[in-house]
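Protein chains in written order, with numbering that gives the first Met the number 0: chain A, 0 to 74; chain B, 0 to 157.
No lab work stands behind these hints: they were computed from the structure.
Please note that a few of the clues may not be correct.
Stated by the list, open to error - Dumping the calculated DSSO-like pairs for lysine-lysine here, alpha-carbon to alpha-carbon at most 30 Å: (1) B:109 / A:25; (2) A:9 / B:129; (3) B:3 / B:62; (4) B:95 / A:65; (5) A:74 / B:72; (6) B:95 / A:25; (7) A:28 / B:109; (8) A:74 / B:95; (9) A:35 / B:4; (10) A:9 / B:3; (11) A:25 / B:62; (12) A:35 / B:95; (13) A:25 / B:137.
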Amino acid sequence: MATYNLDVTKDHCPMTFVKTKIELNKLQKGDVLQVKLLEGEPLENVPRSAREQGFNVLSVTETETKGVYNVEIQK
Amino acid sequence: MTTKKLSIIAFSGDFDKLTAVFTLATGAAAVGYEVNIFFTFWGLDALKIKQGRSPLGSNWLTKVFGVMMGGLKASPTTRFNFCGIGPKIFRYLMRKNNVATLEELVEAAKVLGINFYACEMAMHILGLKKEDFIPEVKDVLGVASFLKLSEGGQTLFI
């Protein structure tokens with residue numbers, strides 16, 4: 000089980016969740032992807048679309064930087 | 000979990016409309032939709048291996064059309080084309096604002112396994128062959144096959 004990181008704080012719709020999906024596809028079952036994203040549209044869409052596709056959203060936490068979040072998704 | 004489905008008829012070869020096609024397609028695929036894009040007429044430009052202007056065609060007339068239409072890199076904007084400067088300006092603005100460019104969206108669409116189909120009738124008129132297109136083109140289809148593919152999902156015409 001490995002942990003991977005993805006930063007989509009500079010991206011916009013649809014690349015925030017497109018990049019997340021592409022990364023998740025590369026993972027093995029059990030691996031965790033930590034996605035760094037901004038509040039608003041990415042924070043709403045990335046965890047929701049991951050859950051809808053059967054991935055396990057382990058945590059959603061705000062980082063030290065206000066408005067920047069870390070979302071942990073397990074395949 | 001039943002798979003949701005989005006089928007898009009990409010009729011336009013315009014830069015901005017193709018951007019809409021690939022934005023919707025990649026977004027839908029990323030949230031778990033099965034996505035089919037049926038490229039017809041001007042839309043076929045997006046599939047050409049040669050992304051610039053090249054004389055693809057079966058006779059002198061279609062070869063002239065081939066040069067005039069060009070590929071993805073030669074696609075004009077619907078408005079503010081300014082003889083081809085428009086798309087360059089939009090590409091610059093997209094990069095500057097960290098918005099995916101058309102080329103990036105097309106690459107993402109390939110990685111996400113979106114199904115690309117080419118219209119048989121339009122290919123025939125324009126003298127284009129399957130070999131003129133990128134290898135990701137899954138099949139060459141007609142209306143009946145497309146209707147069957149899109150059945151039970153949402154369909155858009157762009």
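A quick look at each hint next to the structure:
no.: 1; hint: B:109 / A:25; result: holds (14 Å)
no.: 2; hint: A:9 / B:129; result: violated (37 Å)
no.: 3; hint: B:3 / B:62; result: violated (40 Å)
no.: 4; hint: B:95 / A:65; result: holds (24 Å)
no.: 5; hint: A:74 / B:72; result: violated (37 Å)
no.: 6; hint: B:95 / A:25; result: holds (29 Å)
no.: 7; hint: A:28 / B:109; result: holds (23 Å)
no.: 8; hint: A:74 / B:95; result: violated (33 Å)
no.: 9; hint: A:35 / B:4; result: holds (29 Å)
no.: 10; hint: A:9 / B:3; result: holds (29 Å)
no.: 11; hint: A:25 / B:62; result: violated (42 Å)
no.: 12; hint: A:35 / B:95; result: holds (21 Å)
no.: 13; hint: A:25 / B:137; result: holds (22 Å)
This entry does not satisfy hints 2, 3, 5, 8 and 11, going by the numbered hints stated previously.
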